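Add chain W with the ligands to chain R, keeping to what the hints say.
Taken in order, these protein sequences are the chains called R and W. Going by full-length UniProt numbering, the first sequence opens with residue 1, and the numbers climb by one from there. Going by full-length UniProt numbering, the second sequence opens with residue 1, and the numbers climb by one from there.
In short, the hints are calculated from the structure, not lab data. Among the hints, erroneous ones may be present.
As the list claims (entries may be wrong) - If you want the footprint, here are the derived chain R segments under chain W, 3+ residues with CB under 8 Å:
1. 170-177
2. 212-223
Unchecked claim - Looking from chain R toward chain W, a few residues come up when the C-beta cut is under 7 Å (computed):
3. T77
4. N89
5. R93
6. L96
7. S99
8. H122
9. G123
10. D133
11. Q135
12. S208
13. Y209
14. R231
15. S233
16. G234
17. S254
18. P257
Said to hold, decoys possible - Output of the computed footprint for chain R on chain W, the stretches with three or more beta carbons under 8 Å from beta carbons of chain R:
19. 94-100
20. 105-114
Remember, it's a predicted structure, so these values are computed and weren't measured experimentally. Ideal Cβ placement from N, Cα and C applies to all residues, glycine included.
So you can see what is in the structure, the chains are spelled out below.
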Amino acid sequence: MDVNETPDLSDDEKKLFEDLMPEDLDEILDTGVNRRHFLKLVTLAGGGILAAQSAVAEQLFTRPLSVPVAAELSSATIENGVNVSLNVNGAARKLLVDSRMTLLDTLRERLELTGSKKGCDHGQCGACTVIVDGQRVLSCLTLAASCEGKSVKTIEGLAKGTSGSTVRLHPMQEAFLKHDGFQCGFCTPGQICSAVALMDEAKRGDASYVTEDVRKKTAPVQLSTEEIRERMSGNLCRCGAYPNIVAAIQEVHSGKPVEQTFRFSA
Amino acid sequence: MRPFTYSRANDPASATKELAGNPNAKFLAGGTNLIDLMKEDVERPSAIVDISGLRLTEIKPIAAGFAKGGLSIGGLGKNTDAANHPLIRQNYPLLTQAILAGASGQIRNMATNGGNLLQRTRCPYFYEVAMPCNKREPGSGCGALEGVNRLHAIFGASEKCVAVYPSDMAIALAALDAIVKVKNASGQERSISFTDFHRLPGDTPERDTNLAHGELITSIDLPPNKFADKSYYLKVRDRASYAFALISVAAGLEMGSGNKIVQARIAMGGVAHKPWRALKAEQFLAGKEATAENFKRAADAEMADAKPLEHNKFKVELGNRSIVLALQMAMNGGKA
Ligand SMILES: Cc1cc2nc3c(=O)[nH]c(=O)nc-3n(C[C@H](O)[C@H](O)[C@H](O)COP(=O)(O)OP(=O)(O)OC[C@H]3O[C@@H](n4cnc5c(N)ncnc54)[C@H](O)[C@@H]3O)c2cc1C
Ligand code: FES
Ligand code: FES
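Pulled out of the complex, with its shape left as it was, chain R reads as follows (with noise of 0.2 Å):
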């Protein structure tokens, strides 16, 4: 729909302006809404909420469309919209965002990836960890716009095969599984992506703050208990999985398995 052919509000815009804010209605007139301003309000505002609360809305969204929903994300209805092309999990993708979106937004609001979770939305607690261009990094603290040409690998990326017998989980879901490294399971895909990544950290020869002497650097270097704690400490686990996430990255990490020891009170 060309948004400059109908700039005033039509009657049925109109009357769901008048259900939804009654009070606002001669003020919003007067002060001048047009067309493309009201659809910006309503996309914004979450169409769908609007949507449940009015009966005219309920008419009003359910007419049949002549484009589809997700076109409605146009740069009309955007403020500041900027388009990316990234790659998600070996898929190109290509969306228009709001400049204000990050990365783990996009994610779960606009790419159906929900695995990379939400936790604090400001740097504190990894749940959002994905892997961008080879490097664990918060999906949170990231913009979308400024994934222009840049591969994304999150959870849902890390299994081969597509489905039914034919996926394989990754070693580190394996070990996470094997060594119930989690309880609730909400810091997990956060915990596994970050745990992935420092595998390779770690063949690199990346040093840590509890490295004994920096001065030496060895390729790959083995991972004491201490260093798996001190490397992963920008995961939290409120659940206090942290033995069992030790043990999972540890087993990954050495090629080995590793006995879980369990001591119960008397």
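Chain W with the ligands only, in chain R's frame:
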């Protein structure tokens, strides 16, 4: 987050020009501080100029000038890459340790060297927009001065602001006498010595640094030194990892013959509005023997001037012991 326009800069010239044309525009590098503060509504830029794609990422030896024989570190390079570069690990292990003491693996993969220096204070009154804060909103008052000030400054604070500067990397850079190289929209370059880069709060706590609006950090240059054999970055915090420093100490010793200290470099984090060079301790140690007793006397000399607030008196004793321990660790070859 408030609406903003987004653009990607292809070269330093266009990036600095875009900022020069808009006082409310900001550079975006790793985004780990800026995006967080925008979500909190503390930072409210109307335009974001993404500089993360600029190719100012190289780490290379310096062939001429003041820092000849030293190392130039690209302003847009990542913290992880700086920490793990073989020349930095070998010649400036203090910097490697300081970077690795900060944040987490994920954040260091995103954070840039320039952005790290410009991260803003973690003072809770600065973060909470419902609270007064002269740094965030000049003239609104300082909530921490008479409020909860356990994390705050013991050196160089003013009535206007008692916040501390949070970077670990910058504390090592202060001890290493680094030089910050910047460029503006007219293409002019200037070099700022590290001690002049960050500011004390005085009457203008809203200004963290002496960088002008639109100036781009292109590199951080390290002069050569003789501290690599005996240096250590000590960080003391409320939990063992992934937490900001209560107190940190970057220490480097250049040793002569017979256990004599030729010169010492000591900088402290978590104690002031900028990296705090412990000049009194450094002066005391020059020419002295490296003994536990001299380390203690150096620490006493430095901490005598501390002016703690109601809740951070512990930082005086903690700072004293941290200086001693960091010097001992440095003498031990900087082994963790
Ligand atoms: C949970 C958490 C924990 C952390 N813990 C620590 C810690 O323990 N120790 C520590 O030291 N740090 C810590 N950090 C802070 C982190 O190190 C900084 O956020 C990071 O270094 C900032 O770099 P950046 O590239 O992401 O900067 P950005 O967020 O992109 O930018 C920060 C500021 O610098 C400006 N800027 C960026 N690059 C340039 C340039 N080249 N020239 C001019 N201006 C520029 C931007 O405009 C912005 O104002 C932590 C952060 C988080 C989120
Ligand atoms: S959601 Fe990103 S770190 Fe918590
Ligand atoms: S498993 Fe529940 S938070 Fe980690």
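Okay, the hints, checked on the actual structure:
1. Residues of the stretch 170-177 of chain R with a Cβ under 8 Å from some Cβ of chain W number 0, which does not satisfy the need for three, so the listed coverage is violated.
2. Check result for the stretch 212-223 of chain R against chain W: holds, 5 residues qualifying (beta carbon to beta carbon below 8 Å, three or more required).
3. For the restraint placing T77 (chain R) at the interface with chain W, the shortest Cβ-Cβ distance is roughly 14 Å, beyond the 7 Å limit, so the hint is violated.
4. Against a cut-off of 7 Å between C-beta atoms, the interface hint on N89 (chain R) is violated, since the closest Cβ of chain W lies about 19 Å away.
5. Look at R93 (chain R): its Cβ only gets to about 18 Å from chain W, farther than 7 Å, so that hint breaks.
6. Against a cut-off of 7 Å between C-beta atoms, the interface hint on L96 (chain R) is violated, since the closest Cβ of chain W lies about 12 Å away.
7. Of the supplied interface hints, the one on S99 (chain R) holds, with its beta-carbon coming within about 4 Å of a beta-carbon of chain W, less than 7 Å.
8. With a cut of 7 Å, the hint placing H122 (chain R) at the interface with chain W holds, because the nearest CB-to-CB distance is about 5 Å.
9. Hint on G123 (chain R) holds. Least Cβ distance to chain W is approximately 6 Å, under the 7 Å limit.
10. Given the 7 Å rule on beta carbons, the hint for D133 (chain R) is violated: about 10 Å separates it from the nearest Cβ of chain W.
11. Taken as an interface hint, Q135 (chain R) checks out: its beta carbon lies about 4 Å from the nearest beta carbon of chain W, inside 7 Å.
12. This hint holds: S208 (chain R) has a C-beta 6 Å from the nearest C-beta of chain W, less than the 7 Å allowed.
13. The beta carbon of Y209 (chain R) comes within 4 Å of a beta carbon in chain W, closer than 7 Å, and the hint placing it at the interface holds.
14. With its C-beta approaching chain W no nearer than about 6 Å, R231 (chain R) sits inside the 7 Å limit, and its interface hint holds.
15. At a threshold of 7 Å, the smallest CB-CB gap from S233 (chain R) to chain W is about 4 Å, leaving the interface hint in force.
16. Below 7 Å, beta-carbon pairs count as interface contacts, and G234 (chain R) has one with chain W at about 2 Å; its hint therefore holds.
17. Checking S254 (chain R) against chain W by beta carbon gives a least distance of about 19 Å; that is not within 7 Å, so the hint is violated.
18. Annotation: P257 (chain R) was flagged as interfacial toward chain W, and the flag is violated, the nearest CB pair being 26 Å apart, outside 7 Å.
19. With 3 residues bearing a CB less than 8 Å from a CB of chain R, the stretch 94-100 of chain W meets the requirement of three and the coverage assertion stands.
20. With 5 residues having a Cβ less than 8 Å from any Cβ of chain R, the stretch 105-114 of chain W passes the three-residue criterion, so the hint holds.
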